[in-house]
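**Q** Each chain, letter by letter, is given below.
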Amino acid sequence: MSAGFYVIAILIVGSAVAAMSLRNLVHCALSLAVTFAGLALAYLQLQAQFVGFAQVLVYVGAVAILIVFAILLTRGGDSEKEAILSPGWVWGLGIAALVFVVAGGAVVSSKLLPTVQRATPAATVKQIGDQLMTQYILPLEVIGLLLTAALIGAVIIAMRETEGGQ
Amino acid sequence: MDWIVPFLWLIPALPLIAAGAVAVVPKNRKRFAATAAIASMVGSLVLALIAFGHSLARIKGGQSAPEVFNFRWFDLGESALRLGWVLDPLTAVMLVMVCLVGLLIFIYSVGYMAHDDNFTRFFCFLALFASAMLGVIISNNLLLLFICWELVGLTSYLLIGFWFHKPEAAAAAKKAFITTRIGDLAFLLGMVWLNSETGTLLFYDGGRGCLEQGALSALMARATSLGIAASTGIGLLIFAGAVGKSGQLPLHVWLPDAMEGPTPVSALIHAATMVAAGVFLVARVYPLMEASSATLTVITWVGVLTAFFAASIAVAQNDIKRILAYSTVSQLGFMMMGLGVGGVAVGMFHLITHAFFKALLFMGAGSVIHGCHEEQDIRKMGGLKRLMPLTFATYMAGMLALSGFPLLFSGFWSKDEILHAAHGWDGSHGPFYLGLVAAFLTAFYMTRQVCQVFLGEHRARAGGALAAQSPCQPHESPAVMTVPLVVLSFFAVLLGFVGTPAWPWFQQFLKGGVAATDFQHLFSAETLRLIGLSSVIALGGIGTGWWFYGRRPLKVADEVDPVESLRPDIYGVLRNKYYIDEIYEVTFVSLNAWWARACNWLEFWVWSGVARAAGHVVLGLGWVNRAIDEYIVNLGFDRGCEGVTRGGGWFSRLQNGQVQTYLRVIGVALAVLVLLLIWGGRS
Amino acid sequence: MDLAWVNLKHWLVGLAPAAAQPWFASLITVAALIGAFASLFAVTTLLERKGLGRMQNRYGPNRVGPFGLLQPIADGVKSLTKEDIVPRSADAVVHFLAPMVLVVPVFLALAVLPVGRNMAAVDLDAGVLFFFAVGAATELAVFMAGWSSRNKYSMLGAMRALAQMISYELPLILSAVTVIMAVGSLSTTEIVRAQSGYWGILPQWHVLTPWGFAGFILFMIAAAAESNRSPFDLPEGESEIIAGYYIEYSGFKFALFFLGEYIGMFAISGLGITLFLGGWTAPLSFLTWIPSWIWFFGKLLALICVFIWVRGTLPRLRMDQLMNFAWKFMLPLALINIVITGLWRFMPPGLMRWAVCAVLVVGPYVLLGQGLFRGNKFGPRTYRFADS
Amino acid sequence: MTPLAGYLLLSALLFAIGLGGALARRNAIIVLIGIELMLNAANLNFIAFWRYGPNPEALTGILFVLFSIGIAAAEAAVGLAIIIAVYRHYRTTNLDRITSLKG
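Residue numbers (the numbering used here), protein chains in the order written: chain R, 6 to 171; chain Z, 2 to 684; chain G, 1314 to 1701; chain X, 348 to 450.
Since the hints were made in silico from the structure, they are not lab data. Worth double-checking, as some hints may not be accurate.
To be verified - With a straight-line cut-off of 27 Å between C-alpha atoms, the simulated BS3-like cross-links for lysine-lysine are:
#: 1; chain 1: G; residue 1: Lys1363; chain 2: G; residue 2: Lys1391
#: 2; chain 1: G; residue 1: Lys1363; chain 2: G; residue 2: Lys1322
#: 3; chain 1: Z; residue 1: Lys31; chain 2: G; residue 2: Lys1641
#: 4; chain 1: Z; residue 1: Lys28; chain 2: G; residue 2: Lys1363
#: 5; chain 1: Z; residue 1: Lys167; chain 2: Z; residue 2: Lys28
#: 6; chain 1: Z; residue 1: Lys61; chain 2: Z; residue 2: Lys512
Excised from the complex, chain R in its bound form (with noise of 0.2 Å):
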């Protein structure tokens, strides 16, 4: 385990203890960018540099800015007056920490996980593009399809009723 590991693992879990447990929604959101850029860096980490950089355009581009903009929309921009748990909280966080011991001791426990150390795997853009384009193409046109759906779902769930339909 590197350092650099560590540094990424700190800066990834702080960062999303703060976007889950701030006060202030913008803040949230802000810290919530800093998670995904921190995931961005733990792929590079993991040479995978073609989903790092994809991971930083796609999420803290414009996930990020998206969340963003629905909080200013909902006027969640100020800090909440009232208490910022639900009533069951308790439940809630003890269930999140019961998933995290079992996963946890799963992995850790497990003896199928890979012992030696192999070679840094390539992953070209071109080899990338590649499989894209011919094994991976009906998963591709599907994604395409459902960004387009989602892209005209969207508009139409927030678009303003009131303004008759007509």
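Chain R is already provided as a structure; the job is to place chains Z, G and X on it using the hints.
**A** Frame of chain R, contents of chains Z, G and X only:
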């Protein structure tokens, strides 16, 4: 001219481009829309004729194998999806027919739709339809055919519901779409099955296609758990798709309702081309159908029953287009029967001749409707012979062709061919006799229609008083509508001569052979006997019709129909179309509605009720306890009651409508799942 | 001469102990990049003020040093010594972080630009993607600045800027996609190498093909909008919302914003040069003896002059005009341009290909422009008065 | 601890943080953020397995993550649109007050 085969895609592409161009221009560019659509059809027609000539030349040269052009669409993991187009006589003939009829109907529509606000939309849909239909014809892959097939269905939906502000039109469009979907589902299943058995959906692929010998014999050898060969099962499923699209029993209910669309649409889609697509599909996969006699038997019986039922229903209808619609259903039944008993050539010959004369009849009906100011009830017409002479003459040609008037008209020869084949069928004689009855009824109801529409006095005014000076006087249609009628009537009369027993050019062309003139065959005793029989049937039908309706035309619109006065019970059944719509209403539709209600009830009372009831029961217990507590035992059970109430609250909290509660359950389930997995992995 | 800087770096790295050499090399590269572009920033501010002054028939700065040449230094000293004011109600942390979040990604973006032969700081396999990815982070900085100031003008400015940047990012990336398609690589050095040949004496720059020309124009328009330059400077329109999202910034933080904006403009112009104008290659085949880095910075200065010229010439757009222009004009054209690039890739080379693609480029431009103007979607300005 | 196990643990922790936030917070947008975190945790798993797994020549892990990013973008867009629509209807994004699903 070998270049035509790889470039066959141009034929559907031209109307598609026109549709795209028309779709983006503003609504008021009517001239552009019409010009683009018609020009694209002319281009397609020219290409289709080239393809036809090429096919002809090849057959003359003695080559009869279909020419194909296959290409790889995309790779999917290990396997590649390949599409392609095919040029064989069947394709060539259909291409020319669809392009020619389509072109004439496009021209006709310019006149018919001239005053419609949505003129450009209409032409956009029409061109899209033509493109999809031509795609069905050329495709060499069942999947490509299916895609175009569904596109055809979509455009049919759009065009039936073209006047969607009319509730009937919207309902009819929906009905057509949903009914055909039932057949298409079976079609899709058959396709999937075929693909899993043979591994390819290409029809012809140099010996590896699914219609070629290798695949077929494997299919025939393969038995299923139901005890039928795979080829039979697949054939029947694909035929179910054709049943839906071609309006055969029991899925014919949408076709008469589809007449809510504009008349050119009825002529193009619901008479000449799209409904024939089902017949074409059966003809295209005929090797597969031929592989099992069971399939052919089913096709024959479905066809002949449809022919008979629809013809009898047509006798008692009063809407000019509805009569023609039932007549179409009936004739499609004839085609199916022809395919079943006699093979591709027999059915296809009737398809081609029918396409021309039925398009002619529909366009004539459209001309009548147009002339009578959107009146469709034949009882309120009459006397149009004088007012619309050209329409009358062409309509007569179509009517005589459909009735099978001996020797001169195309319908006679094609129908005779079917009856001839049915006579020689070794399965049963039932289809032959039923077919004869249907042919008789056909002649009868067409005569009835013509007599009521064109003969006698005009009955639009109440009491039959014809206001000659009224501005609503029926008038002849403009030339842009009548010229296509004349051209079509020319074909309706003459097309029969390419397939007479004496010179069966058409049949031989489809089989890939060259026809020779053979008068011996024509004058052989059996042929003569059958020709005589058909003539008698047709003339008998026309004569009976004349006896009832022609001798003494109706005087007023609401007079009782002569046949009705004869046998009101039968007539009532027929007028109500054997109550099939009603039967469907009380069976399938209400079953569906009932099931939906049952689900709703279950959802509301049972599932949600269980949770609520549990809560309420425990709550109620708590209440009872409290009552006992307060009045009888006083404070003794206070704590116990509280506990029970809390239990009830806990139950009802399970369904509190809060997403997070549900999410919490999912989280617990996730943990349990992982634990199970670990446990499972350990043991 | 061509490799002077590269050799200098190698010499300097050689001085360091062997273990520290990789770190030292990176440090030198970073320092050189920051130094070069920061001084270019200084030159540009002067050039802009002088140039605008001349266009508006006045002198521009002329007091500090000969012809006012030392003006940037005076500006720098001034902004460094000014008081740093943070509004009382502002969100102090976010307010403090916003300028950093703006400047850091902008400098990161410079790293993938090949400013000369073998002179890309890092040669990434997915260089163009990296550029756009870090560019996306600046949007967040703009929002942070606008939101944390608790000032309605800065909030409005930030929202305007966000809407504008998101809208123009699409045509920007789509017009870059054409080049990526044609070259078949996301690497910036690869893209420059693909343009380094010559047809006779003319260079094989992408801008000299029909799709490349259209792509370049679209790219530069979108770049102007992305860097909030006039005529797309609504987010900071002085006459409308005072200064947009950095109203509440002063002193050094304001200088950082200013720096970030200009470096962003250099970076995006540099990418435009790399994608369309052949990067560091010489414009004519007999000029290759001039060092490559001179060409790159020469082209960059030329583009900056164009930006200044445009700023001095065109009036500011209205918000709806801005949006309509992006979504109804730029985006369709960029999409059509992608199709044309595909066509270009698959047609045999020759005059025919040129003619067909040129017609296909010009046709949609004319049609779309006509259609939009006829529909009055972004026609001439209309005026509404308060009392009507 | 091998690097793979480290990344898997990090991913599990990230997932748990996201789940905890989604379960404990009142605000719908925060719940959505939590779900995004969970999605990202899954992505991290894919990349880690690709990098340290037995067959890194196959780019399955990377491509899966690319598709997952696309889906997440669609999910965020639709989810936020729904939140905005819900906000318009209830004038709140507090999930405790949005209980139309109650049986």
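**Q** Decide if the proposed pair is consistent with the structure: Lys28(Z) and Lys1363(G), CA atoms, cutoff 27 Å inclusive.
**A** violated (54 Å)
**Q** Take a quick look at whether Lys61(Z) and Lys512(Z) sit within 27 Å of each other, Cα to Cα.
**A** holds (12 Å)
**Q** Hinted pair, alpha-carbon criterion (27 Å max): Lys1363(G), Lys1322(G). Please report holds or violated.
**A** violated (35 Å)
**Q** Regarding the pair Lys31(Z) and Lys1641(G), is the alpha-carbon distance no greater than 27 Å?
**A** Holds, at roughly 25 Å.
**Q** For the pair supplied as a hint, Lys167(Z) and Lys28(Z), confirm whether the alpha-carbon distance does not exceed 27 Å.
**A** holds (21 Å)
**Q** Straight-line Cα separation of Lys1363(G) and Lys1391(G) no greater than 27 Å?
**A** holds (19 Å)
In this structure, the earlier hints numbered 2, 4 are contradicted, and the remaining ones agree with it.
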